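**Q** Model the full structure from these sequences, guided by the hints.
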Amino acid sequence: MNEKNALRRRIYAMEFASWELHLFLDSHPGNCDAARKLEEYRNRIDALVKEYEEKFGPIGETPQNTSRWAWISDPWPWEKEAN
Amino acid sequence: MFVYEKRLQYPVKIKNCNPKLAKIIISQYGGPHGEIGASLRYLSQRYAMPYPELRAILTDIGTEELAHLEMVGTIVYQLTRDLTPEQIQEAGFDTYFVDHTTGVYPVAASGTPFSAETFAVTGDTVADLHEDLSADGAIA
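Just so you know, the protein sequences line up as chains B and D, in that order. My numbering applies: residue 1 is where the first sequence begins, and numbers increase by one. My numbering applies: residue 84 is where the second sequence begins, and numbers increase by one.
Calculated from the structure, these hints are not laboratory results. Here the structure is a predicted model, which is why all the values come from computation and not from measurement. Just so you know, not all the hints are guaranteed correct.
Quick list of in silico lysine-lysine cross-link-like pairs, DSS-like style, CA-CA up to 25 Å [to be verified]:
(1) B:Lys4 / D:Lys96
(2) D:Lys96 / B:Lys80
(3) B:Lys50 / D:Lys89
(4) B:Lys4 / B:Lys80
**A** Structure representation (structure tokens):
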């Protein structure tokens with residue numbers, strides 16, 4: 001796996017973990033440890049995304065951060081090339 | 084509202100086509116214990132849920148089930164790439180192919196299209212939660 005894909009994989013893994021913390025906090029809204037952990041993960045994601053975008057350009061195209069033209073470009077997530 | 088993230092929740096990259104397997108896996112897409120039913124169950128039950136923790140969980144899990152739906156659809160899609168007519172017939176995929184070709188249609192492995200009859204929204208907290216426990220036991 002090249003550096004670009006490895007970094008992307010790391011970002012998605014961190015996002016996966018922070019989503020799990022989000023769900024945990026739904027049923028444990030007073031758990032400060034989990035809230036701190038979530039904040040820490042979000043900061044780490046922000047740093048990794050910044051590193052990725054400086055090296056390789058925009059990640060996770062959304063209508064907010066790209067032109068419409070980039071949004072319609074391949075590969076879509078169901079294609080092997082995107083995974 | 085919902086915003087689409089242009090990526091899968093977990094990567095799917097299948098090397099070899101396998102229409103026979105696709106015919107089974109599609110049940111997790113549109114079958115009685117599939118992800119569409121899971122998503123609609125939670126997103127529809129949340130309106131009558133009186134507890135803040137559970138309103139949040141039903142919203143978030145119902146949303147996550149849509150991400151699961153997308154991964155299952157992707158698996159079916161990738162398993163049915165570049166099929167030959169012989170592969171379609173040998174795998175018994177012909178009965179699906181005749182109506183849907185290689186489009187991904189929400190259907191059970193037995194051929195029954197998805198139906199909201201596969202889940203319940205009663206508006207009763209305990210009844211709905213029991214249904215959720217039962218459903219998640221079946222679909223893990």
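**Q** Indicate, hint by hint, whether the structure satisfies it.
**A** Taking the hints in turn, this is what the structure says about them:
Between the alpha carbons of B:Lys4 and D:Lys96 the distance comes to roughly 17 Å, so the proposed pair stays at or under 25 Å and holds. A threshold of 25 Å between alpha carbons decides the hint, and for D:Lys96 with B:Lys80 the separation of about 5 Å falls inside it, so the pair holds. As the CA atoms of B:Lys50 and D:Lys89 are separated by approximately 18 Å, the hinted pair is consistent with the 25 Å bound. A C-alpha spacing of about 16 Å is found between B:Lys4 and B:Lys80, which places the hinted pair at or below 25 Å, so the restraint holds.
Comparing the model with each numbered hint stated earlier shows that all of them hold.
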